[in-house]
Amino acid sequence: MNKRSLIALSLLLGPAISINALTAKGFSSDFGLYGIASSDSTQDTFSPVGGLISYFDGQLNITNNLMVRGDFQFLTDGDIIKKDAFSETDSKFKINGASATFLFKSVGASHFVSAYGGIFEPVGTDSFLQRQFGITGVHSLLTESRMGENGPSAYSIDGKGGSYLVNYNKIPLAAGLYVYKTDKEIEEEVTTTNATGTTTVKETHDRDLMNVDIRLATAFRYLTIDILGGGAAIINTEDSNGDKVFLLVDTLYLHCGAEILLGPRRGPSLFIQTGFDNWKVKKGDGHDFDKDYLYALIEPRLFYNDVMLTGSLFFFPDDTAKKLAFVDNQLGVNGSLSTKRLPFINKDIECGLHVTSSISKKNLYDLKDLKDFKKDFELQVTPFCNFGLFDGTAKTMFSINMTKAKRDSFKHAFKLTLGYTTRL
4 MNKRSLIALS LLLGPAISIN ALTAKGFSSD FGLYGIASSD STQDTFSPVG GLISYFDGQL
64 NITNNLMVRG DFQFLTDGDI IKKDAFSETD SKFKINGASA TFLFKSVGAS HFVSAYGGIF
124 EPVGTDSFLQ RQFGITGVHS LLTESRMGEN GPSAYSIDGK GGSYLVNYNK IPLAAGLYVY
184 KTDKEIEEEV TTTNATGTTT VKETHDRDLM NVDIRLATAF RYLTIDILGG GAAIINTEDS
244 NGDKVFLLVD TLYLHCGAEI LLGPRRGPSL FIQTGFDNWK VKKGDGHDFD KDYLYALIEP
304 RLFYNDVMLT GSLFFFPDDT AKKLAFVDNQ LGVNGSLSTK RLPFINKDIE CGLHVTSSIS
364 KKNLYDLKDL KDFKKDFELQ VTPFCNFGLF DGTAKTMFSI NMTKAKRDSF KHAFKLTLGY
424 TTRL
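Sequential numbering from 4 applies to the sequence shown in our numbering.
Think of the hints as simulated: they come from the structure by calculation, not from any bench. The structure presented is a predicted model; accordingly, all values stated were derived computationally and were not measured. Beta carbons: idealized from backbone N, C-alpha and C, even for Gly. Just so you know, not all the hints are guaranteed correct.
Said to hold, decoys possible - Cross-link-like lysine-lysine pairs, in silico, DSS-like; alpha carbons within 25 Å at most: (1) K409 - K378; (2) K350 - K365; (3) K414 - K95; (4) K86 - K378; (5) K163 - K205; (6) K86 - K97; (7) K283 - K184; (8) K407 - K364; (9) K85 - K187.
To be verified - Here are the computed distance ranges between Cβ atoms for each label pair: (10) M213 - G140: 53 to 59 Å; (11) P303 - Y171: 40 to 46 Å; (12) A112 - D43: 40 to 46 Å; (13) P303 - S94: 46 to 52 Å; (14) L55 - I301: 19 to 25 Å; (15) D321 - L180: 36 to 42 Å; (16) D93 - E190: 42 to 48 Å; (17) T45 - L340: 18 to 24 Å; (18) F77 - K343: 41 to 47 Å; (19) D309 - K86: 41 to 47 Å; (20) G111 - I403: 19 to 25 Å.
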């Protein structure tokens, strides 16, 4: 969102948010704060470094039919352990998304009309499914993040626009249409003609793209689906000869995100999450698939009473891998064992163990012979524990990269995360 949009949004929503927040009527939010500590890999001796990540997702029901949402993120951009606790530290603040939704009902259905800017109801974070169907989350423990609704997703709407969604009452089915504008770097072929001849080169330009997406979602007992897909196009008003035209679209950039659970939400099942972006389809010039935006996660799940056992095969874009709590690399396999009901001092706590084998700094398209990447394999072991504290949940995680510990030293192979989340 640009500066003028933020100012306008603040002027429009500021008074309403202030009044309603004070009365605490119709206001709900999710808040999370995480501290992450490790050892400085550039130092020969143990030298702890750390930072903070925080998010805040809020929803304000101004009336029974009008609601506004905001998603905010804060993180430190430097070490806070070596510095004095009260000294200045570089940090970043970002408004990930803001939206306003009007709800009205008809016979047999609820209708939602929204205007939004930034990230809006991404596929894969459970926020959309939970709001529309009131179900428990189906996302993978592997994609646990510290970003709230801005966590990893198979595809995220990220732009300025509007949407219409209908949710049917008699069956758990929702369908929506999204129209929005995004700003992306697009690689284009530029042809120039001079005295020596004609040359064609590829150049990268910032372009405004108009997107049209369709979404379908359902939540039956043994089948949960959330699929969003569509295309984006540069809207041209001139043809190749420089003549003015009303509308010219010669290239489409396709994208899609899907989350599918085959089986019950608390029983033996198969979870699939996949997506892609920037699949270029040009008239008369075939197509060009952008491998850097491919997202895939396949995860069988087994349950025994309150114990869940999973095995996962994953391939994530680089930006997604950086958001994850239990994964450091783009490509690999994971196994996890967890329970949400381990008795401890008259309370049930959630605890588990992740074991991840992944390939460092490689993606799916780099693999031709696994023997060539033997030296790049990493084994990571991560026990975690979550327990109720006050009105929220305290979260702890201790990750050990066994490969780095054996190859280099233990002091550079661990990462400790302490966090707290709550719903207000």
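Each hint, compared with the structure:
1. Between K409 and K378 the alpha-carbon distance is near 13 Å, which keeps this suggested pair within the 25 Å criterion.
2. Under the criterion of a C-alpha separation no larger than 25 Å, the hint pairing K350 with K365 is inconsistent with the structure, at around 43 Å.
3. As the CA atoms of K414 and K95 are separated by approximately 28 Å, the hinted pair breaks the 25 Å bound.
4. At most 25 Å may separate the alpha-carbon atoms for a hinted pair to count; K86 and K378 exceed this at roughly 36 Å.
5. With a CA separation close to 28 Å, the supplied pair K163 and K205 exceeds the 25 Å bound.
6. At most 25 Å may separate the alpha-carbon atoms for a hinted pair to count; K86 and K97 meet this at roughly 24 Å.
7. In summary, the hint linking K283 to K184 is supported, as the alpha carbons are separated by about 17 Å, within the 25 Å threshold.
8. With a C-alpha separation of about 14 Å, the suggested pairing of K407 with K364 holds against the 25 Å cut-off.
9. Taking the CA atoms of K85 and K187, the gap is about 38 Å. The hint is violated against a cut of 25 Å.
10. Checked against the given bound of 53 to 59 Å, the beta carbons of M213 and G140, roughly 33 Å apart, lie outside it.
11. Distance hint check: the CB atoms of P303 and Y171 are about 31 Å apart, inconsistent with the given range 40 to 46 Å.
12. Between A112 and D43 the C-beta distance comes to about 57 Å, which lies outside the given range of 40 to 46 Å.
13. The hinted range of 46 to 52 Å is not satisfied by P303 and S94, whose Cβ atoms lie roughly 41 Å apart.
14. With their beta carbons about 34 Å apart, L55 and I301 fall outside the hinted range of 19 to 25 Å.
15. For D321 paired with L180, a C-beta distance near 31 Å fails the hint of 36 to 42 Å.
16. Our hint of 42 to 48 Å for D93 and E190 is violated, since their Cβ atoms are close to 33 Å apart.
17. Hint check: T45 to L340, Cβ distance near 35 Å, so the stated range 18 to 24 Å is violated.
18. Between F77 and K343 the Cβ separation comes to about 29 Å, which falls outside the hinted range of 41 to 47 Å.
19. With their beta carbons about 43 Å apart, D309 and K86 fall inside the hinted range of 41 to 47 Å.
20. The supplied range of 19 to 25 Å is broken by G111 and I403, whose beta-carbon atoms lie about 54 Å from each other.
The structure is inconsistent with the numbered hints 2, 3, 4, 5, 9, 10, 11, 12, 13, 14, 15, 16, 17, 18, 20, although it conforms to all the rest.
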